[in-house]
Amino acid sequence: MSMKKALVIGNDSHEQNKTLLTCVNDANDMHDALQTIGFSVLCKTNQRLDDMKIATNAFIQCIQPGDIAFFYFSGHASQLDGINYLTPTDDRGITLRTIKYRTLIAQKLIHDVYQRRPGLFIIVLDCCRTGMSDDSSNLKSFFGLTSKRIKDGLAPMQAPPSTIISYACAPDQASLAGSSKQHNSAYTCFLLSYIVLPMDIKKVFQRTAIDVQKSTRGEQIPYLNVNCYGPAYIVDNCIGYHAAAQNFLQRRRPCGYYPASDQRRHAIPSHQPRIKNSQHRWNTQFGMPKNYHSSNKIMLPMNTSKMEQPAAWSIIFFIILLLGIIFLPFLHPIYLRYTPEKWHKYYIWDCNWKKFIIGLSLSLGYYIYLLNLSYSTALRMFSFSFHSFISLFALLFSLFVTCTGLPLLKFHSTKIIYSTKLQTLIWITLKNVLFLTISIILCNLIGTLAASVLLFPPFISQNSSRLNHLNTQRFLIIFFIILIGNSAGLISPLGDPPLYMGYTNGVEFLFTFKYLYKIFFVSNGYILLLFALIDFINAWNYKKAQKKNNINSQLYELVPCQKEENDCYNLSSSLPIQWNGIHHSFFLLLILIVILCKGFDIPIKWPEYIQELILFLIAFLCIAFDMIWKKRTPIEWFRKHYSTRIEPVAEVIAIFVGLLFTMSAPIAVLTSLKLPLGPKHLFVFSGIFASVLDNAPVYISFAASAAARYNITVEQSDNNGFLAVFFSRYQADAIESIRAISAGSVLMGGCTLIGNAPNMIVALMATRYSYRKRTKIHRAENADDDFVTDHLENISFIRSLITSCLILIPLFVIITIFMV
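For what it's worth, full-length UniProt numbering labels the leading residue of the sequence shown as 1, then goes sequentially.
A portion of the hints provided could be inaccurate.
Calculated pairs, DSBU-like style, for lysine-lysine (alpha carbon to alpha carbon, straight line, at most 30 Å) [as the list claims (entries may be wrong)]:
{"hint": "1", "residue 1": "518", "residue 2": "421"}
{"hint": "2", "residue 1": "514", "residue 2": "544"}
{"hint": "3", "residue 1": "4", "residue 2": "44"}
{"hint": "4", "residue 1": "544", "residue 2": "431"}
{"hint": "5", "residue 1": "108", "residue 2": "202"}
{"hint": "6", "residue 1": "543", "residue 2": "421"}
{"hint": "7", "residue 1": "4", "residue 2": "18"}
{"hint": "8", "residue 1": "640", "residue 2": "354"}
{"hint": "9", "residue 1": "431", "residue 2": "354"}
{"hint": "10", "residue 1": "544", "residue 2": "680"}
Estimated spans, in silico, between C-beta atoms of each pair [said to hold, decoys possible]:
{"hint": "11", "residue 1": "361", "residue 2": "688", "range": "22 to 32 Å"}
{"hint": "12", "residue 1": "225", "residue 2": "376", "range": "25 to 35 Å"}
{"hint": "13", "residue 1": "115", "residue 2": "48", "range": "51 to 61 Å"}
{"hint": "14", "residue 1": "544", "residue 2": "360", "range": "45 to 55 Å"}
{"hint": "15", "residue 1": "156", "residue 2": "386", "range": "23 to 33 Å"}
{"hint": "16", "residue 1": "172", "residue 2": "376", "range": "14 to 24 Å"}
{"hint": "17", "residue 1": "360", "residue 2": "227", "range": "16 to 26 Å"}
{"hint": "18", "residue 1": "225", "residue 2": "596", "range": "49 to 59 Å"}
{"hint": "19", "residue 1": "316", "residue 2": "225", "range": "40 to 50 Å"}
These are calculated hints, taken from the structure and not from any lab test. Please read these numbers as outputs of a predicted model, since none were measured by experiment. Cβ coordinates follow ideal geometry from the N, Cα and C atoms, glycine included.
Just need the whole structure built from these sequences, with the hints factored in.
Next comes the structure, spelled out in structure tokens:
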């Protein structure tokens, strides 16, 4: 959890320079104000140089990443060659040669604090005082010379990321010094009035500048340099802080800077104001509550962003849906209606519209709760979920429609019988390993989703001679999901949806290749080695089974894997490649260009959802061209290709619509916690969430949670995304965090069928493939009644979870201990 730490210095007495009158008062009052709002304050007054250095070093060392740091200085200062020097009390003997060693350099202080990676650093300099006497109006007299290198006031300073710099006066100008009639300087007086209020800190400085300029009739114009995106609050939304702030404002002495017309407006109330309802209507100007100045009561505006977060119990909608996906397929049918012939069975999870209704009902219940909580919260959550849903639907639909019509490579399966030699079994294993190795390279070029759709049919085809063995079916499908559907796309933003989401939000294109190549080679090498071992053992056991049942084994003579009659694939064709869908390659290339160009900083600004619209347009153009190519009407095309090119996408969307619209609850709870997770924790927890959620939004959620530790939110985004801001400010921490999140969300997404879109697509495609086993072996010619058609086994959620965990847990342990 971030802490609030401050260093306050006020110097009145000086050995050589003029004595000031209000700096110590300014420092003491600022100390009280910051303590009131929860800062841990170190206050020093009339400090010598050694004491100032000790205090600043102690202040810098206590700052931790993500903390809010506040530095305030009131006293004399000067600039030389664009460098600002804060003057200590022992200023005798300061010359042009010794000024660097006898003062505190403001730019060095900012640099040292920035190296500590605070979430927000505020530096306030109320110095460069003038007006004490006629001969002190120009700070050049301090050195006894008139060098052009020395100017009045302070030089402008560049604010690093997450830094706010405020001067009491404009650069190269001197501020007004307080007199004996005034308790504080003009700038500090107004700053104290606003800094204890729970409002955006930038609004605090803006209102302070307006009041200072008005009260001094334009003689003093404060300066503000902000390099901080989005609102930033340093006052917690707590009733205790509100009461303490009111007590502080009541105890303050009048400063005497207000014009006569404004004395009543700034009068301190003589009674304790009562805090009304915490949710005030905000005025559009400066974010202040309505009628803030209309009475003497101090109405404290409140930051209600924390109050509007959904409660932790709201994740129950998501948990119910997740449990339904796991267990509903195993429930027995419900017998709801009886006719004279039989009872009619009704399954809860047997068709897409039932899955859609269940997910939609839970989503509506969740958003009804959000509407009762806050309309703005409901709208924000719906916008986030809808964007995730549309992005997934567009990418899934366009790639699946395009890739299912691509030219299909066909590999003949090597038959295994009881007399098969050992060299043949080794060749079968090597052929599968070589195929998967080439597929890994292709995954990083066209993505895991397109590669899964394109490569799964030939992969099953070249192993069709063993598909009557259930264990063979299971391990082939699960290994294909783990490898080609997930881990193969680890070193390219185009490889896996989470990496692409990071790319479009500010992660550079080569980030995954630079920082994930070791994990990529270790993980894929481990999976390929384990696959080769299991594949060889499976082929050997299959051969032993054939040898043991020599007579009966001939009843299972297999032919090449063949699709249902309405499938566009003809795996029984003698040609090694089909050219009927060659035009689909052009549309796939267009999709890849659109996905790639979206992340580039091109001069054309991409409107919201324009990428999704283009992907849908490409998909429908592909369908239209396919109908023209094959001379079919839309109804004929739909009937012909529904089971292979529409139904799998519809089933995935029916399941994910509920997950995507209810997942904002666990994501919001996770982000609001701002857990201090290290790289190892991020790898493990992002992977766990990715295995039960779609890993793309999980990636963004954990990335946002990691950035939130440094007060960087999703809204704090430049043209390249909020992760670009994260990398620009805290590069080392951003690299460690995003590297761990990328590896966890991609690798552990293969643990379940719902962890990644290709997982479920492959599982659904497998159920639509069939193989034929020969039942009559003594006939000279093959007839239709010689074969019985069986479908591949439907991989269940539980079986895929158990098998994948047994395969991947040793790999995750190795990566967690040695590589993250």
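Results of checking the hints against the structure:
1. As the CA atoms of residue 518 and residue 421 are separated by approximately 37 Å, the hinted pair breaks the 30 Å bound.
2. With a C-alpha separation of about 47 Å, the suggested pairing of residue 514 with residue 544 is violated against the 30 Å cut-off.
3. For a cut-off of 30 Å, the pair hint linking residue 4 to residue 44 stands: about 18 Å separates their Cα positions.
4. Of the pairs offered as hints, the one joining residue 544 and residue 431 holds, with about 21 Å between alpha carbons and a cut-off of 30 Å not exceeded.
5. Note on residue 108 and residue 202: the hinted pairing holds, with a Cα-Cα distance of about 23 Å set against a maximum of 30 Å.
6. Restraint check for residue 543 and residue 421: satisfied, since their Cα atoms lie roughly 9 Å apart, inside the 30 Å limit.
7. For the given pair, residue 4 sits about 34 Å from residue 18 by alpha-carbon distance, which is inconsistent with the 30 Å threshold.
8. A hinted pair counts as satisfied when its Cα atoms are at most 30 Å apart, and residue 640 with residue 354 qualifies at roughly 24 Å.
9. Taken as a hint, the residue 431 and residue 354 pair is broken in the structure, with Cα atoms around 42 Å apart against an allowance of 30 Å.
10. Of the supplied pair hints, the one linking residue 544 and residue 680 is violated, its CA atoms being roughly 45 Å apart against a limit of 30 Å.
11. Take residue 361 and residue 688: their Cβ atoms lie about 27 Å apart, and the range 22 to 32 Å holds.
12. Range check, residue 225 to residue 376: Cβ separation about 31 Å, and the 25 to 35 Å hint holds.
13. Range check, residue 115 to residue 48: Cβ separation about 26 Å, and the 51 to 61 Å hint is violated.
14. Checked against the hint of 45 to 55 Å, the C-beta distance between residue 544 and residue 360 comes to roughly 51 Å, which is consistent with it.
15. One distance hint, 23 to 33 Å for the beta-carbon pair residue 156 and residue 386, is violated here, with the actual separation near 44 Å.
16. At about 43 Å, the CB distance of residue 172 to residue 376 disagrees with the hint of 14 to 24 Å.
17. For the hinted restraint 16 to 26 Å between residue 360 and residue 227, the CB-CB distance of approximately 44 Å leaves it violated.
18. Between residue 225 and residue 596 the beta carbon distance is about 37 Å. The supplied range of 49 to 59 Å is therefore violated.
19. The beta-carbon spacing between residue 316 and residue 225, approximately 47 Å, falls within the hinted interval of 40 to 50 Å.
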